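Colleague: Heads up: the sequence lines are chains A and B, in that order. The first sequence begins at 390 in the numbering used here and counts up one residue at a time. The second sequence begins at 29 in the numbering used here and counts up one residue at a time.
Honestly, the hints are just simulated from the structure, not real lab data. Careful: at least some of the hints might be erroneous.
Here are the simulated BS3-like pairs of lysine-lysine, each with C-alpha atoms no more than 30 Å apart in a straight line [unchecked claim]:
1. K507(A) to K47(B)
2. K176(B) to K276(B)
3. K32(B) to K509(A)
4. K412(A) to K276(B)
5. K32(B) to K47(B)
6. K40(B) to K507(A)
7. K327(B) to K138(B)
8. K611(A) to K138(B)
Computed from a prediction, not measured in an experiment: that's the story for all the values here.
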Amino acid sequence: MSKDNKAVQTSEKQKRHVLSYEKRKGLYGYGFIGLWALGTIYFFIAPLIMSLIYSFNETSVEVGGMKMKWIGMKNYVNAFRKDQDYTLALVDMLKNTALRTPLIIIFSIFIALVLNQKFKGRTFARAVFFLPVIIATGPVMDIINGNMSTGGYSGGSEQFSTMFEANLVDQLLNFLGIYNISDKLSNIINSLTTDIFNLVWNSGIQILLILAALQGISPASKEAAQMEGATSWEFFWKITLPTISPMILASVVYTVVDSFVDPGNKVMTIVLNKSTNWQHGYSAAMAWAYFAIIGVCLGIIVAILNKVIYYEVE
Amino acid sequence: MATKKEEKQFEKERKAAIKAREKRMKEEGLEKFLTPDQIKYNRRQKAMGAVWPVFRFLILFGLCFVILYPLIFMLSTAFRPNEQMNDPSIIWIPKNFTMSNIKDTWKVMKFDKTLINTIILNLVSSVLQVITCSITGYGFARFKFKGKNLLFAIVVLMIIVPPQITTIPLYMQYAYFKPQFLAKIFTLGKSTSLINSGWTMYLPALFANGIRAGLFIFIFRQFFRGLPKELEDAAYLDGCSPLYTYVKIMIPNARQSFLTVFLFSIVWYWNDYYVSSSFFTNNDTVALMLKNLNTTLAKTLFNNQSVSVRQIIVWLEAGCLLSITPILVMYVFLQRYFVEGIEKSGLAN
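Work out the full structure, taking the sequences as your base and the hints as a guide.
Modeller: The following block contains the structure:
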C-alpha cells in the first residue's frame, strides 16, 4: 500500500518536473522571440493599424503631426467609383500577373532542370542566371528597362530602352508570308516575345528555389527509374514534379507577391503619387483595398495548389 | 571514403566497362540479350544524349546573352564619348575610350562619400538583422509556447504586406519619436526627429524588423528545424542554458545559412530605394543617388535645361556601372554561397 503510494508520488513528482521543464523551455522560447515581438509591435503592427485608421479618415499634415477627420468608407468608395485610373490599373495588374506567373514558373522549372544537369560551364551558367537576383530589385533595373520618367526637367517622356524590342515572331511570320492573323493572337505572341527579357530577369529567385528542391532528389531514384525503363519525360512527371511541388508553391507565392509589391507597377505608382500629394488617407485606402485583393488572390492560389501538392510524410 | 580523384577514376572505369559490354553485345547480336522494347529504349536514350547537349548549349547561350546584354551595353556606353552615341557606325566598340563619363558621374553622385555612407549603413543593418532574425527563427523552430502559431502568422504577414502600407505611419513615428530623450540621445542632442539619421535603418534591424525580415526569419526557422535535435539535447544534458546552447552549438552548425542570409540582406539593403527614400530626404545612399541621377545630371551638367534620356544615357549607364560594381565584385567572389547556402539552408525540405 505504502509502496504503491510512494510510486504514485514519485511519478507525480516526475510529471510535475517534466511539466515545469516544458514550461521553462516555453519561457525561453518567449525570450528568444521577445526582441522580435517588441519590435513588431512598434515597427509593424502599430503602423499597420495606423494606416488602416488613416484609410477611414481625411488627413492633412500639420506641424506636430497628422490631423484626421473621420469620413468612414468614403475613401474606398471614391477609389473604386470615381478614380478610373485606379480600377483600370488594378484590372490590368491582375491580368498581367495571371498571365506572367505561370510563364515565370514554367520557365524557372525548365531552367532549374537544365542547370541541375552536369555539363561544362555549369558554374558560369548558374552565376549568370542568378545575376538578376542581385540586380533586378534595384534602381539599376529602371534604367535598364527604360521605364524611367525623365523627371521634372524634361518636356516629353521619351522612352529609351536598352532592352530588346525586336519583334522576332512578327518578322518570322511576315517572312513566311503570313500577314493577317487575328490581332489578338499576334498581340499575345508579341507580348510574350518582348517579355522574354522581363521573364528572364524576374525569375532568378524562383530558379534558385526550385534548383534547391531538385538537389533533394536522390540520384538513386533516378537510377531505379532508368532500370525500370522510364523515360526522362515519365521521370519528370512521376518523380520530379511531385517532389519539388512544395517549392513550386513557394515560388508561385513569391512571384505573385513580388509582382504586386514592385514599386514600379501601375497601382503602386498611383498609390505612391497620392501619398506624395499629401492625400495619405486616400492613398492608405487604395493600398488597403489593393492589399485585400492580393490577400484573396494568394488565398485562392494557395488553396488550389495545396490540393495538388505532394508532401512527404515524415 | 574515396577521394575526388579516385571517384573520377572509378567513374571512368565504370563507363569504359559499360562501353566494352555494349560492344561485345553488339558483336554477338543485340537480340540475344535484350527485348525489342529495351533496344528501342536504349536507342532513344542515345539519340537524346547526342542532341540534347547541343540544344542545351543553344538555349543557355541565348538566355545568358539576354541577361548579360544590359551589362555589356553598360560597359560599352559608360566608356563611350557622348558624341559617338548617335554614330550609326558604332554598335558595341567605340572609336576611342574615355573616362570622362565615369569621372563626371562620380562627381555628380559624390560617389566616394555616398559609397562609404551606404556601406556603413548596409553592413550595420545587415549584421544586426542577421543576428536578431536568426535568434527569432531559432525561437520559432525549437520552442513550444502559447500563441506560437498566431505569432508565426504575423511573420508570414510581414512577408506579404508591402512596405508601402506601413511607411507613412512609420515616418510619423520616426519624425515624432517617443520617448523624446531617446531620440535626443540617438541624434546626439541635435533633434527629436530620427528622419535622415541612420537609426531609421538600424532600429528596425535591431528588432528583427528590417527590410524583408519576415523572409529571413522564415528561412532561419526552416533551417533550424532541419538540424537534428540530438545536438541540443546533448548540450542540455550537460546543463547548458538554451542561449548558451544556441551560441555554442547552433551558430557553428548554421554558418552557411548565416552567410546566405547575410548576403541577401546586403543585396536588398543595397538595392532598396523605396524605404530609404521615405526616411532620407537628402540622397545619402547609392541607390537613391542613382534613382535621382537624371535630375541631378540635368541640374549640374545641363544648367537645368530639359534633357531626354537619350542625351544623358552615357552618364546614366556610367552611374549604373559605378553602383553595381561593389555588389558585383562581392557576387563574383561569394557566388557559390548564394547557391550552396540556399541548398543547405533547409529551404529544400
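Colleague: With reference to the structure, classify each hint as holding or not holding.
Modeller: For each hint, the structure was consulted:
no. : hint               : result
1   : K507(A) to K47(B)  : holds (20 Å)
2   : K176(B) to K276(B) : holds (25 Å)
3   : K32(B) to K509(A)  : holds (17 Å)
4   : K412(A) to K276(B) : holds (23 Å)
5   : K32(B) to K47(B)   : holds (23 Å)
6   : K40(B) to K507(A)  : holds (15 Å)
7   : K327(B) to K138(B) : holds (14 Å)
8   : K611(A) to K138(B) : violated (56 Å)
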